[in-house]
Structure formats: structure tokens, C-alpha cells
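Visitor: Spelled out from the first residue to the last, the chains are:
Protein chains: 2
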Amino acid sequence: MREVTQPATEAIRLAEVLRALADPVRLEIVQRLDRTGQENCTALGGEIDVHQTTLSHHYRVLREAGVTWTTVQGRSRLVRLRRNDLDALFPGLLDSVLAGRMREIATTSAIETP
Amino acid sequence: MREVTQPATEAIRLAEVLRALADPVRLEIVQRLDRTGQENCTALGGEIDVHQTTLSHHYRVLREAGVTWTTVQGRSRLVRLRRNDLDALFPGLLDSVLAGRMREIATTSAIETP
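Protein sequences, first through last, are from chains A and B. Numbering (the numbering used here) for the first sequence: 1 to 114. Numbering (the numbering used here) for the second sequence: 1 to 114.
Please note: incorrect hints may appear among the correct ones.
[Stated by the list, open to error] Ranges of calculated distance between the beta carbons of each label pair, as one might list FRET restraints:
| # | chain 1 | residue 1 | chain 2 | residue 2 | range |
| --- | --- | --- | --- | --- | --- |
| 1 | B | ARG35 | A | THR108 | 26 to 36 Å |
| 2 | A | ALA88 | B | ASP87 | 17 to 27 Å |
| 3 | A | LEU78 | B | ASN40 | 46 to 56 Å |
| 4 | A | THR70 | B | SER56 | 34 to 44 Å |
| 5 | B | ASP34 | A | SER56 | 33 to 43 Å |
| 6 | A | THR107 | B | THR5 | 21 to 31 Å |
| 7 | A | ARG80 | B | GLY74 | 23 to 33 Å |
| 8 | B | GLN31 | A | THR53 | 29 to 39 Å |
| 9 | A | ASN40 | B | VAL4 | 41 to 51 Å |
For the record, the hints were derived by calculation from the structure and aren't laboratory data. Computed from a predicted model, the values in this text were never measured in an experiment. Glycine included, every Cβ here is placed at the ideal spot set by N, Cα and C.
Next up, chain A with everything else stripped away, as it sits in the complex (with noise of 0.2 Å):
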């Protein structure tokens, strides 16, 4: 089983979580895992139109600051939220990022679809 870098849960630095939010594609990744629970990196790189190695980036930027929590399983690497960690650390923060992304997604296609 090969490493990945990845916090303790005391090591969570708010800035970095923000930071870590604050990207399109990174949001939605973070979306649909609160969807689905737990995800194959590969498998959910198929449905966001990104390039691998691009998505690759966003995985670990989420992953080292203590967004998502990444399990080696032998050539698949499975990703989830760790949103037990957060809601202990920032408690509401996860929850207000996603439902204002969904509020986000709504008005912005009310207004490009007339």
C-alpha cells in the first residue's frame, strides 16, 4: 500500500480548508462526495470534465488540507469527505459551502436558461 500525505485531525488549518474550497471544480468534487459517500479517484475523474493530471492537483489539495481522507486500495484509490474532522472543527462550514454552491448552481442557470 503506497502513502499519501494527509493531516491529523488536530493539524486542520481553517485557511488551508477555505483554500482548498475555493476552486470550481474542487467544489464540485467536494459536492458529489457528500452525495455518494466515498469515491474511486479514477471513477469520478469520468464524470468532471477536467484532464486527469489537473484533477489529480485538486484531489491533492483537498487531501492535504484535510478535506478528503484518501484509503490506498491497491491500484484504486477510494476518497470521502471528512466531514466528521470538519464539522467538529468548523462546525456549519461544510454545510453552508454546499448548500451555497447548490444556491450558487440554481441561480446561475435560472439566469442563462430564459
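Dock chain B against the given chain A, drawing on the hints supplied.
Guide: Using the frame of chain A, we list chain B on its own:
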């Protein structure tokens, strides 16, 4: 009166707001503004330990993301949080970020001060 660029409410984007908040100095500025209501940029600079040029950069990032609203009065720039806009667009976000920061500061101080 010089003009400053700042987005209309409907042009504020979640990813930009998160990016603006994703910095310890900017979090400190936001926390102060939340406490005081409004600040003169220069006065605020005196109490935060970074160079004025760096501080001007941070103010610009906050303003252009729609986190703060700046009013130019003579040679002063008065800055305040766009709390109503942010609370309407992303309910709970600003509060969870501010609470998370307070908690983080308290925890870090407790560890560093035996």
C-alpha cells in the same frame, strides 16, 4: 471621489469569497471588521503586523471578491463587511468561518501557552 471596483451583489461568487477568506491576515481583517462595523484602512493597518503594501493587496482581494465594501471619503477609505449580502447569498458561511477562526485561535493559544 476616486472609484473602487467592487462587485454587485449578484456578481459575488462563492469560490471567490472562499479564496478571499483563505488567508490568516485576511481572516484577521474580517474578524476585526465584524467586531467594529467599519474601519479606516490606514487605522486598521496600524494594528495588524504586516507591511502597508501587503495590507493594500489583502484589502483589494477582499473587496474584489465582495467580502467588503469600501467607501472613499477624501483621503480615507472606509471599509466594512458586506454581511447582509454574504448572509443572503451564503447563509451561515461568514458565521461559521468567524467561529471556526475563534476556535482555532483559542486552541492554538492553549497549546502554545503551557
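Visitor: Each hint should be assessed against the structure and marked as holding or not.
Guide: Outcome of the hint check:
no. : hint                            : result
1   : ARG35/B to THR108/A: 26 to 36 Å : holds (33 Å)
2   : ALA88/A to ASP87/B: 17 to 27 Å  : holds (24 Å)
3   : LEU78/A to ASN40/B: 46 to 56 Å  : holds (51 Å)
4   : THR70/A to SER56/B: 34 to 44 Å  : holds (39 Å)
5   : ASP34/B to SER56/A: 33 to 43 Å  : holds (37 Å)
6   : THR107/A to THR5/B: 21 to 31 Å  : holds (22 Å)
7   : ARG80/A to GLY74/B: 23 to 33 Å  : violated (54 Å)
8   : GLN31/B to THR53/A: 29 to 39 Å  : holds (37 Å)
9   : ASN40/A to VAL4/B: 41 to 51 Å   : holds (47 Å)
When each numbered hint is compared with the structure, a violation occurs for hint 7 only.
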